[in-house]
Amino acid sequence: MNLSLFPELDPPNVKPAQRSSPRLRPAPVLASHSSTHRHPLLWLCLRFPHLTLQALSPPSDEPALVVEGEGSMAIVVACNDVAVQVGIEAGMSLSSALACVDAPRLLRRDPARESDCLAAIADASVVFTDRVSLIPGEGVLLEIRGSLKLFGGIRPLCEQVIERVQSLGHEPAWAVAPTPLAALWLARAGSSSVVESKEALPGALGRLSLSCLSLSERVLENLQGIGVRQLDALLRLPRDGLSRRWGPGLRKQMDQALGQAPDPRPCWRGALRFQAYRELAMETANAEWLLRAAGAMIESLLVFLRRHDSRIEQLTLICHHHSHDDTRVVLGLLGITRQVEALVALLSIRLESIRLPANVIALSLVSSTLRRFEGQSCSLLPEAGDDSRQRDLLDRLGARFGVGELFGIAARARHAPEGSWRRISPGQGKTDYQRCDRPLWLLSQPRPIDGKTRLHPVAGPERIETGWWEGRDITRDYYRVRSDEGTQLWVFRDRRNRQWFLHGYFG
Amino acid sequence: MSLDDVLSDPRVFRPRRLGSPSGAVQATGFAALDARLSGGGWPKGALTELLSDETGIGELRLVMPALSALAGQGRWVVWVSPPHLPYPPALSAAGLEPSQCLIVQPRTREDRVWAVEQGLRSGACAAVLAWRCNAASRHVRRLQLAAEAGDALGLIFRPLSAAVQRSPAALRLSLLASPDGLVVDILKSRGGPGGKVVLPL
Numbered sequence: 372m373n374l375s376l377f378p379e380l381d382p383p384n385v386k387p388a389q390r391s392s393p394r395l396r397p398a399p400v401l402a403s404h405s406s407t408h409r410h411p412l413l414w415l416c417l418r419f420p421h422l423t424l425q426a427l428s429p430p431s432d433e434p435a436l437v438v439e440g441e442g443s444m445a446i447v448v449a450c451n452d453v454a455v456q457v458g459i460e461a462g463m464s465l466s467s468a469l470a471c472v473d474a475p476r477l478l479r480r481d482p483a484r485e486s487d488c489l490a491a492i493a494d495a496s497v498v499f500t501d502r503v504s505l506i507p508g509e510g511v512l513l514e515i516r517g518s519l520k521l522f523g524g525i526r527p528l529c530e531q532v533i534e535r536v537q538s539l540g541h542e543p544a545w546a547v548a549p550t551p552l553a554a555l556w557l558a559r560a561g562s563s564s565v566v567e568s569k570e571a572l573p574g575a576l577g578r579l580s581l582s583c584l585s586l587s588e589r590v591l592e593n594l595q596g597i598g599v600r601q602l603d604a605l606l607r608l609p610r611d612g613l614s615r616r617w618g619p620g621l622r623k624q625m626d627q628a629l630g631q632a633p634d635p636r637p638c639w640r641g642a643l644r645f646q647a648y649r650e651l652a653m654e655t656a657n658a659e660w661l662l663r664a665a666g667a668m669i670e671s672l673l674v675f676l677r678r679h680d681s682r683i684e685q686l687t688l689i690c691h692h693h694s695h696d697d698t699r700v701v702l703g704l705l706g707i708t709r710q711v712e713a714l715v716a717l718l719s720i721r722l723e724s725i726r727l728p729a730n731v732i733a734l735s736l737v738s739s740t741l742r743r744f745e746g747q748s749c750s751l752l753p754e755a756g757d758d759s760r761q762r763d764l765l766d767r768l769g770a771r772f773g774v775g776e777l778f779g780i781a782a783r784a785r786h787a788p789e790g791s792w793r794r795i796s797p798g799q800g801k802t803d804y805q806r807c808d809r810p811l812w813l814l815s816q817p818r819p820i821d822g823k824t825r826l827h828p829v830a831g832p833e834r835i836e837t838g839w840w841e842g843r844d845i846t847r848d849y850y851r852v853r854s855d856e857g858t859q860l861w862v863f864r865d866r867r868n869r870q871w872f873l874h875g876y877f878g
Numbered sequence: 008m009s010l011d012d013v014l015s016d017p018r019v020f021r022p023r024r025l026g027s028p029s030g031a032v033q034a035t036g037f038a039a040l041d042a043r044l045s046g047g048g049w050p051k052g053a054l055t056e057l058l059s060d061e062t063g064i065g066e067l068r069l070v071m072p073a074l075s076a077l078a079g080q081g082r083w084v085v086w087v088s089p090p091h092l093p094y095p096p097a098l099s100a101a102g103l104e105p106s107q108c109l110i111v112q113p114r115t116r117e118d119r120v121w122a123v124e125q126g127l128r129s130g131a132c133a134a135v136l137a138w139r140c141n142a143a144s145r146h147v148r149r150l151q152l153a154a155e156a157g158d159a160l161g162l163i164f165r166p167l168s169a170a171v172q173r174s175p176a177a178l179r180l181s182l183l184a185s186p187d188g189l190v191v192d193i194l195k196s197r198g199g200p201g202g203k204v205v206l207p208l
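Chains A and B, in that order, are what the protein sequence lines are.
Count along the first sequence starting at 1, add 371, and that's the number in my numbering.
Count along the second sequence starting at 1, add 7, and that's the number in my numbering.
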């Protein structure tokens, strides 16, 4: 072995005492540094302008608005194409948006879902390069210099990355530049440009508008006040004056963008999740034995969760069989469960309701990705507002029944009786649409009644004529009637075909 | 037959068991009915059976005042297998906030009984309303214990034919429609005067 290639490994040159003294011998880590000089880094920035909307998977056939803020302060932060066509744009207040469209689908902004989407994109782009970095809430950065040869150059590589991201359902704006910040600014401008060398950076960045930078409102106004509208004008200003007038932040941003100051980016390491596998001492289909084995794994799961100060929303127990497909037991967790007994009890409810096709030889426990743990302070005495028991109940019912068999209800201010309610997740959202002339029982479908039934009118008619603008038009006369048996019914006559229908009971 | 067997028979009148186990009641909102019930209202932490064959005679309007008063304290109302959809605009007009209602529609009878028991026992629910839950007598006893543990109002809706079966429920009413209103016949009320009431609903 020729050790002279690796001088730092050459034993005759290095004595242990010398190694620790930097004055005698500089640490030999410059190899990577010199290679960066020969092959400067190149960053591909993928930015997702519609992330807020796409993260919530909105409907494409009806107007959908993503809303942030409460009450009269609510602002539309994003909307889909259908909403854009009727004149809604991001930044509008919700009340003026509602003036444009009758009943849009309102979605609340969900930062957790957005970061989940970015995490999925980062996971998918790890196949192109080992250096992926997240820009929270905005996009991802990929260092692509090392991958150019393998994928055949910048353009083919970018095309493949974009194709991969599009297959996840996201439409990126992208740009390539030698520094991460420059790539981000170019992507914000939406130019899809490629800048390969640092020397070309000032020219390429110069054409950008100042709104592409991350500047505060005040700085932006000040700069525009002195006539700086594009980046080249800003680059011409003396740097010292810049930092004296607007603080060091602006100057640092520009230096980082031009590659004159370091801009370290944390590497994406993938989403954390818990995984455990355990072989059983003997094959069994006995739920009690399985639970005992699972209990030990759940204990280590909880230790893992405590160490990461996290919680999970889903837990999957996979039962491995000899010659059958694995049985998967999926457990949704709403409440924050940190007790082994509670989780085992939930699991036993779930195991009771399934039939194992064969004996189990091994178990795996897989968690969903970790979420930040948000603790709750408990009061000394139980209060009415304490909703941990309610989440507990939901966990138990949800473990046994599917989502379709378990739901909450809310009223919705619509004229059409079928439309004035909706399913919600239990305990969420309040509504204040009330009508005392409505029946307590509503049939899921109006049921035709023959004209021979004797009914005595109690109240009515109430004409409901609505929905003609969206093709679901109804035109009905509703009556509250009493039958011979003494039951009170809500019936209507369809004014188009003169047919009578039963639509509810005054229970 | 031992003495214990005799004493555990619900047909044997034992003054110690008067009223609901916890003794607390929730006023029904109808003075005429309250006067005839032991303690003057629906027994809390106990089961009540409401027997009727018809939908739409006022069976929900009968319990609505109590439900809205109970749900006002922040606990939920669970509906297990309701025959139709409880209509939110009407619920909130009757004073019951729809978002405090949880609807469970299990497919089998065992699941329904299980869901009722979970709801009653959890302590998260002010009341559990259940339909199509023709539980055996020992199941009803289990539900009764669950209601005591969770301090919940258990309202079990059953057909009139169940009147001939015995039941450990604390209160049993049969509901019939009449031209003057709803006829409430108190079949069993631990310690109450009992009798018939006509409520103009």
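Keep in mind the hints are simulated off the structure, nothing from the lab.
Note that this is a predicted model, so its numbers are computed, not measured.
We put the beta carbon where it would ideally sit given N, CA and C, even for glycine.
Don't take every hint at face value.
Claimed, not checked - Computed footprint of chain A on chain B; a stretch qualifies when at least three of its residues, placed anywhere within it, have a C-beta under 8 Å from a C-beta of chain A:
1) 37-43
2) 60-72
3) 121-132
4) 184-196
To be verified - In silico negatives: residues of chain A with every beta carbon more than 10 Å from chain B:
5) 465
6) 527
7) 666
8) 739
9) 814
10) 828
Comparing the hints with the structure gives:
1. 37-43: violated (count 0)
2. 60-72: holds (count 9)
3. 121-132: holds (count 8)
4. 184-196: It holds: at least three residues are needed, and the region 184-196 of chain B offers 3 whose Cβ sits within less than 8 Å of chain A.
5. 465: Per Cβ check, residue 465/A is outside 10 Å of chain B; nearest 20 Å; holds.
6. 527: 53 Å, holds
7. 666: Given a closest Cβ separation of 22 Å, the condition holds.
8. 739: 24 Å, holds
9. 814: Violated, because the least Cβ-Cβ distance between residue 814/A and chain B comes to about 6 Å, which does not exceed 10 Å.
10. 828: Given a closest Cβ separation of 15 Å, the condition holds.
Violated hints, in rising order: 1, 9; the structure is consistent with all others.
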